[in-house]
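**Student:** Protein chains in written order, with the UniProt record's numbering: chain A, 1 to 397; chain B, 1 to 397.
Misleading hints may appear alongside valid ones.
Identical chains blur together in the list; that is why a pair holds if it fits in one copy or across any two.
In the DSBU-like style, the derived pairs of lysine-lysine whose C-alpha atoms are separated by at most 35 Å in a straight line are [unchecked claim]:
#1 285 / 51
#2 260 / 185
#3 51 / 24
#4 260 / 298
Just so you know, the hints here were simulated from the structure itself, not pulled from any lab data. Since the model is a prediction, treat every value here as computed from it, not as a measurement.
Protein chains: 2
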Amino acid sequence: MTFAPRLDNVETSAIRELFKLLGKPGIISFAGGFPDSAMFDVEGLREASQKALAEEPGGALQYGATEGYEPLRTQLAAFERSKGVDGLEPQQLIVTTGSQQALDLLGKTLVGEGDKVIVEGPTFLATIQCFRLYGADVQSCPIDAHGVDVDRLEAMIREHKPRFVYLIPTFGNPSGALLSLERRKRVLELAVKYQTLIVEDDPYGDLYFTQEPPPPSLLALSKDVPGSREYLAHCGSLSKVLSPGLRVGWLVAPPELLAKATMCKQFSDAHTSTFAQATAAQYLKSGRMPSTLANVRKVYAERAAAMGEALSRELGDAVTFTQPQGGLFFWARLRGVGGKISDAGEFAKRAIENGVAFVPGAPFFAKDPDRSAFRLSFATADVGKIEEGIVRLARAI
Amino acid sequence: MTFAPRLDNVETSAIRELFKLLGKPGIISFAGGFPDSAMFDVEGLREASQKALAEEPGGALQYGATEGYEPLRTQLAAFERSKGVDGLEPQQLIVTTGSQQALDLLGKTLVGEGDKVIVEGPTFLATIQCFRLYGADVQSCPIDAHGVDVDRLEAMIREHKPRFVYLIPTFGNPSGALLSLERRKRVLELAVKYQTLIVEDDPYGDLYFTQEPPPPSLLALSKDVPGSREYLAHCGSLSKVLSPGLRVGWLVAPPELLAKATMCKQFSDAHTSTFAQATAAQYLKSGRMPSTLANVRKVYAERAAAMGEALSRELGDAVTFTQPQGGLFFWARLRGVGGKISDAGEFAKRAIENGVAFVPGAPFFAKDPDRSAFRLSFATADVGKIEEGIVRLARAI
Chain A
1 MTFAPRLDNV ETSAIRELFK LLGKPGIISF AGGFPDSAMF DVEGLREASQ KALAEEPGGA
61 LQYGATEGYE PLRTQLAAFE RSKGVDGLEP QQLIVTTGSQ QALDLLGKTL VGEGDKVIVE
121 GPTFLATIQC FRLYGADVQS CPIDAHGVDV DRLEAMIREH KPRFVYLIPT FGNPSGALLS
181 LERRKRVLEL AVKYQTLIVE DDPYGDLYFT QEPPPPSLLA LSKDVPGSRE YLAHCGSLSK
241 VLSPGLRVGW LVAPPELLAK ATMCKQFSDA HTSTFAQATA AQYLKSGRMP STLANVRKVY
301 AERAAAMGEA LSRELGDAVT FTQPQGGLFF WARLRGVGGK ISDAGEFAKR AIENGVAFVP
361 GAPFFAKDPD RSAFRLSFAT ADVGKIEEGI VRLARAI
Chain B
1 MTFAPRLDNV ETSAIRELFK LLGKPGIISF AGGFPDSAMF DVEGLREASQ KALAEEPGGA
61 LQYGATEGYE PLRTQLAAFE RSKGVDGLEP QQLIVTTGSQ QALDLLGKTL VGEGDKVIVE
121 GPTFLATIQC FRLYGADVQS CPIDAHGVDV DRLEAMIREH KPRFVYLIPT FGNPSGALLS
181 LERRKRVLEL AVKYQTLIVE DDPYGDLYFT QEPPPPSLLA LSKDVPGSRE YLAHCGSLSK
241 VLSPGLRVGW LVAPPELLAK ATMCKQFSDA HTSTFAQATA AQYLKSGRMP STLANVRKVY
301 AERAAAMGEA LSRELGDAVT FTQPQGGLFF WARLRGVGGK ISDAGEFAKR AIENGVAFVP
361 GAPFFAKDPD RSAFRLSFAT ADVGKIEEGI VRLARAI
């Protein structure tokens, strides 16, 4: 059978291969990118789904508008407004089947064969592949602990004239990095200056560990940078804070882009499950979200603290990392000092032999992979498991 | 903003424009393509969703495998086996976000710029647009009341060497046509002879009005035509028989194609809502499906009979149509006799003025539209409304 040429642009993920090894009994996994199901508010979701079926069974079970179920759009707009996105109206967003679909629709809508797209190096693996399937030539802009290097970004926008720049400004995957307020403003200014669309992917923004929230999202901040809202698309998600299984994400974008994305969505899946949408709408309406968020923040903060301490204690000068202030991930580098291992791919294999798993960093780079880097998720293991897992990591070094 | 060239291949649907007029108060609509929400088994779905959350909340709310939730794949394979698809195993299908996504994945996986795809003329509108977004040059093969003209199809396969042939063999949308058993065998033989993939879209096959089921699906029949299974993809759906809002469809395909479609799905929406999947799995497991199917068949059969009688009585020689034996649609043609109206687009406008809506047939053709044809759905109006609606139609002629 002959397949479309676009499939030549992607490869079966190296991570997928690694995941096959995770079935090994007794393994402690820091490999996943998913939240801890033990923290799902099952009772709240049960009530929400019952209410959805009781109050409007037709709406929850019938075909729905491609743009999304109106009561959910209303709730999501209010959720964004509660996070500083002044004046956001329901019709300025569409509901997507997870934020992965928002990325797919942006690719479908905007990317033609050979078009340049700039992403962070490293960035979310599925984004790179998703855009490449539409023919994107994906360029990689370096980051540090404060997020993307804005000077390099400006130079790259000038050089590549990209279709758009894709960023995860808040607690990035895999980097855990937090883009500083100053850089956020610079990014928005660059959008206006070069009339270049910025795609802000923000699934982790609610998962902060500090007393105060992190700097506002680019979407919230756009009011301070005149004209920037016209060059900004924002992808939101309930997956990391409520439940990935609902597959409810959303896309905020300028009207013309939103209309084209809606048309493409019509032919992608017609609409997102109305049952899942109505459940999410009832959940948000129930008022349980703030305490759910407080709970996940608290638990992940404890786990992140435990992992940071264990890494310093057990691995010492073998690795370098920045303590994340939110999200789900540590991004660390093997220093290779004293003849110790410096290749994260090799390290991952040895780690599995020692009963602990993580994801090497190379696949997260669209170009020029950093082979010393690796990602550890602290989301799904409890503090005891985290400490034991890091001890095993130390053995593998 | 500049969009990807692929968007030039599609246009905002003429139907969408028409649908905006449907808000007019008191209008009787035969325009929709959806089932009647009054027939949804809300209680059965409520119980199923509760059971899904009670028995395996993690499975229902966490990220899931791209291929689908295992218990649902098991149930769907059994459902297909109950309809004569001998030996179908769960791993031979993947769950899709409605069967619309199965079509999207086939387009993404198989269609490159300028590739030929053969569809029926007329066919499901969203299919044409979906494939065109991937660059398909969509060719249209004529049909009659017994489905696609297989001699013409063979000639077109020879001429165009298509990537695949897309058919709705059972109660097609919009045609209502039923492909005869003899032609079904010919189609499968053509698949083998020309090594050409056949895509069978089968959302309506369970909605038959006769005592006995219609001829088996191409998938079920493939066991009688050696080698044909290798050239067959089958799209199934719960949307027309259980609930569209779950957005649960499935794709059966040869292993290599299924693997590529799975990879593409990973970057489209990661997976279909596990909450919806677990609910569907529990529903199928509950054993309520056979009586649900019996009920919808009975109600739609009554409505179809009432619409056929009213059309003959009220419109007489102004139209010609074949009484459908299943599905949701009448496909009729204006004969234009005695100076009566012959353009279905014009007729649709006049009909709306008279308080009744339907969809003109032209947009359902990829090429050479039949401007005298139109589609009437009998699914959502009760018998009284159907009779009144046809009286209004007669006034509009």
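**Student:** Against this structure, judge whether each hint is valid.
**Tutor:** Status of each hint after checking the structure:
1. 285 / 51: For residue 285 and residue 51, both the intra-copy (11 Å) and inter-copy (23 Å) Cα distances are at most 35 Å.
2. 260 / 185: Result: close within a single copy only, 28 Å intra versus 41 Å inter.
3. 51 / 24: between (41 Å within a copy, 30 Å between copies)
4. 260 / 298: Answer is neither: 40 Å inside a copy and 40 Å across each miss the 35 Å cutoff.
Hint 4 alone, counting from the list given before, is not met by this structure.
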